[in-house]
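Student: full-length UniProt numbering numbers the first residue of the sequence shown as 1 and each following residue consecutively.
If you are wondering where the hints come from, they were derived from the structure by calculation, not from laboratory data.
Straight-line C-alpha distance at most 30 Å; calculated BS3-like pairs for lysine-lysine: (1) Lys111 - Lys167; (2) Lys60 - Lys49; (3) Lys224 - Lys273; (4) Lys127 - Lys60; (5) Lys113 - Lys167; (6) Lys192 - Lys111; (7) Lys224 - Lys269; (8) Lys49 - Lys127.
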Amino acid sequence: MGTPSGDNSSYRRLRVFSGTLPTPVGEESLEHWLEHARLMVEESECSPKEKRRRIMESLKGPALAVVKAVRTADPEVSPARCLEAIESAFGSAETGEDLYFAFRLLQQQPKEKLSDFLRRVELSLTKVVRRGGLPTSRADRARVEQLLRGAIHSDMMLVQLKLRERKENPPSFLELLSEIRSEEEYESSRTKLNTSVQRVHTNSATDNRQDDVERLRTEIQELKSMFTAMSTLPNKVVADSKGSVSMTKMHTPETGSDSEVAVLRKQVKNLQKQMTGHKLKVSESPTSVLRVEPSRQTHSDNRKQPSNDSDGNFCYRCGENGHYSA
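All chains, full assembly: derive it from the sequences and hints.
Tutor: Below, the structure written as structure tokens:
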């Protein structure tokens, strides 16, 4: 039993292309259609006649009219010539030099991966080579040069790939794409690791703040206990201290945070100042009492002295004090 011929073997049909703009639903754009058609022409083992048939069965409207006109002029026109006619009729009118200048102006967009930018560079470079703007032998070097020039958001990755040192012996498109994707995967995993480490540090800092809050609360309670123990102070001082303690209780925050730590530390300082002030008042109070008693005794003696003098100078004649009768 013989094998089926190339003309009758099964194949994937090309999608429809009409050349109408905007591209209707269900049809391919010019770039995509040409890409698949060229792949069929270059890789298929069927005869040129079968390739022409496959091309024409995928065309309609203005595109089909163009190929019919070409076949009318040359019934044995090659499939590649049919594709050239379609590209000339519906493609860009730019020359190879124009496409080359546009290729040299390509730049990486913000947040665009280097691998995605490389694919854009390759698509533009393919057009340049096809239109004769650049020899095929120089394509690999031009690709690396434009990647170094246009990848403005991936400088560190370009350094890691050492592309500047490899311009004289540049890698192919597939080799370069594989290297870039491997480097992107490495950077992605490293970013995830750094994120997890930062979360651990954040949790540790939160635990340290909680420890500070608990320590300060304990210190405040101890100071309050010492403050309450000073019950021998005057009533006014005790009242003031109770007011301060009550105010401290009112303003004690409940949530553990940096602001809570600051408030608790401020309360500790206030209580320490109050303790110091009360100790000074206690040490000074006996001296003030001693100073007051001699002054009171002196005033009483001074009041008694005129009384004694007046009693000695009483006038029995007129009945008044301060003089006496001769």
